[in-house]
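**Student:** Position in the sequence shown (first residue = 1) + 110 = this note's numbering.
No lab work stands behind these hints, which were simulated from the structure alone.
There may be inaccurate statements among the hints.
Pairs of lysine-lysine, BS3-like flavour, derived with a Cα cap of 27 angstroms [claimed, not checked]: (1) K160 to K150; (2) K256 to K239; (3) K296 to K169.
Computed spacing ranges between beta-carbons, pair by pair [claimed, not checked]: (4) H190 to N117: 34 to 40 angstroms; (5) D253 to S148: 23 to 29 angstroms; (6) N123 to T233: 22 to 28 angstroms; (7) T233 to E200: 21 to 27 angstroms; (8) A203 to N235: 36 to 42 angstroms; (9) T252 to S174: 22 to 28 angstroms; (10) E200 to K150: 18 to 24 angstroms; (11) N211 to I267: 16 to 22 angstroms; (12) G135 to H190: 24 to 30 angstroms.
Cβ coordinates follow ideal geometry from the N, Cα and C atoms, glycine included.
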Amino acid sequence: MSSQEFNLLLASNSPRRKELLEQLGFSFTAIGSDIDESVKQHEDPITYVKRMAIEKAQKQNTKSNTIVLGSDTCVVCHNHILGKPTDFNEANAMLSMLSGNTHQVLTAIAVAQQDEVSVEVVTTNVTFKTLSQQEIMNYWQTDEPKDKAGSYGIQGIAGQFVTSIEGSYSAVVGLPLYETAQLLAKHGCPSPMTKN
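Hey, can you work out the whole structure from these sequences and the hints?
**Tutor:** Here's what the structure looks like:
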């Protein structure tokens, strides 16, 4: 089948993921997947982020002509999964942990097509400068950290905290462009940029 015979669904309401998928040139519909994002006991970060992406993709009822793309991002520091903060104290603890350290951002992408699911995890190393308590407080007051894994958005104000990045910038934002294009192509939905 050609890619034009498929309906592509993005299992996310994230404006960042929508922008990134649009950047690849795809036409798609975005539908959020409401799932339980709790970490299971003894679940390691890679297993967790894979499970989240697969569950998001499988939550949407896939018809034979529909491909669903699910994605999940988690921030990991010293093997601790840092989720979205519920208040300043949580954000302060997370940002203090990231301060002056290198952490990993794991982004899983899953493509579901009827009963078939493919998943891939992209790991990026991100290093932060040392943050003062005042910087953390000022950053919290911008509201940017409140809906972000690890309490920061690299594409926003927090970009100034990052001293180096090793890996995929777009994966840290929420959707690895290269790997997403490759995985969709594997399922018969190539990027419009590769069409004759």
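**Student:** Compare the structure with each hint and give your call.
**Tutor:** Hints and how they fare:
1. K160 to K150: holds (13 angstroms)
2. K256 to K239: Holds - the C-alpha atoms of K239 and K256 are around 20 angstroms apart, at most 27 angstroms.
3. K296 to K169: holds (21 angstroms)
4. H190 to N117: 34 to 40 angstroms: holds (38 angstroms)
5. D253 to S148: 23 to 29 angstroms: For S148 against D253, whose Cβ atoms are near 24 angstroms apart, the range 23 to 29 angstroms holds.
6. N123 to T233: 22 to 28 angstroms: holds (25 angstroms)
7. T233 to E200: 21 to 27 angstroms: About 24 angstroms separates the Cβ atoms of T233 and E200, which means 21 to 27 angstroms holds.
8. A203 to N235: 36 to 42 angstroms: violated (21 angstroms)
9. T252 to S174: 22 to 28 angstroms: Violated, since T252 and S174 (Cβ atoms, about 45 angstroms apart) do not stay within the stated range.
10. E200 to K150: 18 to 24 angstroms: Holds - the Cβ-Cβ distance for E200 and K150, about 20 angstroms, lies within 18 to 24 angstroms.
11. N211 to I267: 16 to 22 angstroms: Since the Cβ atoms of N211 and I267 sit about 19 angstroms apart, the hinted range of 16 to 22 angstroms holds.
12. G135 to H190: 24 to 30 angstroms: Since the Cβ atoms of G135 and H190 sit about 37 angstroms apart, the hinted range of 24 to 30 angstroms is violated.
Of the numbered hints stated above, those contradicted by the structure are hints 8, 9, 12, listed in ascending order.
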